[in-house]
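A.B. asks: Below are the chains, spelled out letter by letter.
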Amino acid sequence: MQHENEIKLEKQGDVTIMDIKGDITAFSDPFLNNAYQEANNQGTRKIILKSNKEAYINSGGIALLIQLLAQIKRNNQRVVIAGVSDHFKKIFNMVGITKFAPIYDTEEAALQILAAKPD
Amino acid sequence: MATNLNERLVKIILPNILGYERIAMASSASLAKMFGFSSERIEDLKTIVAEAAINAMQHGNKGRTDSEVAVTIRFKDNAIHVAVTDQGDGIAEVLPKPDIHRIMNKQDPPVGFGVFLIQELADGVEFNIDTDDGHCVNIVVKRESNQVEDAARK
Numbered sequence: 386m387q388h389e390n391e392i393k394l395e396k397q398g399d400v401t402i403m404d405i406k407g408d409i410t411a412f413s414d415p416f417l418n419n420a421y422q423e424a425n426n427q428g429t430r431k432i433i434l435k436s437n438k439e440a441y442i443n444s445g446g447i448a449l450l451i452q453l454l455a456q457i458k459r460n461n462q463r464v465v466i467a468g469v470s471d472h473f474k475k476i477f478n479m480v481g482i483t484k485f486a487p488i489y490d491t492e493e494a495a496l497q498i499l500a501a502k503p504d
Numbered sequence: 040m041a042t043n044l045n046e047r048l049v050k051i052i053l054p055n056i057l058g059y060e061r062i063a064m065a066s067s068a069s070l071a072k073m074f075g076f077s078s079e080r081i082e083d084l085k086t087i088v089a090e091a092a093i094n095a096m097q098h099g100n101k102g103r104t105d106s107e108v109a110v111t112i113r114f115k116d117n118a119i120h121v122a123v124t125d126q127g128d129g130i131a132e133v134l135p136k137p138d139i140h141r142i143m144n145k146q147d148p149p150v151g152f153g154v155f156l157i158q159e160l161a162d163g164v165e166f167n168i169d170t171d172d173g174h175c176v177n178i179v180v181k182r183e184s185n186q187v188e189d190a191a192r193k
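Heads up: the protein sequence lines correspond to chains A and B, in order. Okay, so the first sequence: first residue is 386 according to this note's numbering, each after it adds one. Okay, so the second sequence: first residue is 40 according to this note's numbering, each after it adds one.
Wrong hints could be hidden among the right ones.
Stated by the list, open to error - Below, computed lysine-lysine pairings styled on DSSO-like, alpha-carbon distance capped at 30 angstroms: (1) B/101 - B/50; (2) B/72 - A/406; (3) A/438 - B/136; (4) B/145 - A/458; (5) A/438 - B/181; (6) B/136 - A/458; (7) B/50 - B/181; (8) B/50 - B/72; (9) A/484 - A/393; (10) B/145 - A/406; (11) A/438 - A/406; (12) A/475 - B/50.
It is worth saying that the hints were derived from the structure and are not from the lab. Being a predicted model, the structure only gives us computed values, none of them experimental.
Generate the whole structure from the sequences, applying the supplied hints.
C.D. replies: Written out as structure tokens, the structure is:
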């Protein structure tokens, strides 16, 4: 069984989009960490965590996302989430993720919000 | 113990391998769809079944690859009744609701989300039931969500 993620980093102005392909589970740990470290090394201040509506996200993946948000917060970076399904919007709201990273339906909407607010 | 399977009851035996919870998720979703569950409720059910199976693999069977997880899914009284049975000693304690502020500040470990989601999304949960086949978690997911009823009352 494949447990790999491909995470593409894309710069849009001063925003880094972490485009996560695949499911987000405990197996995503090295992929998420490596991608974030690379974004961090590039000096990013604003991040969009982008998933897709078909992705399966379980409790192991939620734990990893929260740890990633904690790192982002400690580094005084801003983060939003884009592209998750309505079900996972509800789940992220239940566990409190949305208190630290608001969710937008599309990458474009997330970019607009990050561009509109000062660093 | 033998289970009398029929058009309203299916049973799946999973190897104790993370990732195979997807098989139980897909089966529960198919049965719920046959009995008219909405797509929103099916998504709830999939998360509940996945988290219960993961708990059974990791905490019930403690990751032992020679063990298995049995998932029975029954439609009865306008609800899906899920029973997830492992071959371990049961869960020592049901963890409290995770506190994201404490986790973000590294005061708590990032654990307890699976049980929390089951409790939030399901209409009834019983942990640590002793059966002839092992330790079992029983979960009820109504066709019409209590979340909808709760929201309507507000």
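A.B. asks: Work down the list of hints and note, for each, if the structure agrees.
C.D. replies: Tested hints:
1. B/101 - B/50: It holds: about 22 angstroms lies between the C-alpha atoms, which stays within 30 angstroms.
2. B/72 - A/406: holds, 27 angstroms
3. A/438 - B/136: The hint holds at about 26 angstroms.
4. B/145 - A/458: Distance of about 12 angstroms is within 30 angstroms: holds.
5. A/438 - B/181: Holds, at roughly 24 angstroms.
6. B/136 - A/458: holds, 22 angstroms
7. B/50 - B/181: holds, 19 angstroms
8. B/50 - B/72: holds, 17 angstroms
9. A/484 - A/393: Since the Cα atoms of residue 484 of chain A and residue 393 of chain A sit roughly 25 angstroms apart, the hinted pair holds (cutoff 30 angstroms).
10. B/145 - A/406: holds, 28 angstroms
11. A/438 - A/406: holds, 11 angstroms
12. A/475 - B/50: Holds, at roughly 29 angstroms.
Hint check: no violations occur; every hint is consistent with the structure.
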